[in-house]
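*Asks:* Those letters in the sequence shown? Residues 554 to 652, by our numbering.
Hint data in this document are derived by calculation from the structure and do not stem from the laboratory.
Treat each hint with caution, since some may be false.
[As the list claims (entries may be wrong)] Here are the simulated distance ranges between beta carbons: (1) K561 / F615: 30 to 40 Å; (2) I578 / I642: 34 to 44 Å; (3) T599 / K649: 16 to 26 Å.
[Claimed, not checked] With a Cα cut of at most 20 Å, we get these calculated EDC-like pairs of lysine to aspartate or glutamate: (4) K640 / D591; (5) K610 / D560; (6) K576 / D560; (7) K640 / E629; (8) K627 / E638.
We put the beta carbon where it would ideally sit given N, CA and C, even for glycine.
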Amino acid sequence: MWICIFDKYNKKIVATGIAEFDKEIKEGYLEWIQVSKDYKKKGFGTVIVNELLFRLKEKADFVTVSGKLKNESKPENLYLKCGFENKTIWHVLTKKEIF
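Make the full structure from the sequences, and use the hints.
*Replies:* In C-alpha cells:
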C-alpha cells in the first residue's frame, strides 16, 4: 500500500510511504518513507509511519524496516520515535549475474 500527504496550498506531495505485507509469515514492512526537504522536521514522517503501522495492525505479527547504514538523514531516529525498539542489522547479499 502506498500513502502520501498532499499540500493543497502548494499543490504538491510532501511525504510518502509504502507498506507491504507477507501473508506467509505475517510480516509487515515499511519502505521508502520520504519527506520533501522543505517539510522535514514538521512531523510528516511520523504521521506516515504511524498511519502505515495502523493499517498493518490487524494483519501483521511484526513489522520491519530497511535502509542503508550510515544514512545522513538518520531514518532510525524516526522509527525509534514511532515505537520500533530493536536496532538489529541484517546484511543482504546478492549474487551477480554472469553473462
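*Asks:* Mind listing which of the numbered hints don't hold for this structure, in increasing order?
*Replies:* Violated hints: 2, 3, 4, 5, 6; rest satisfied.
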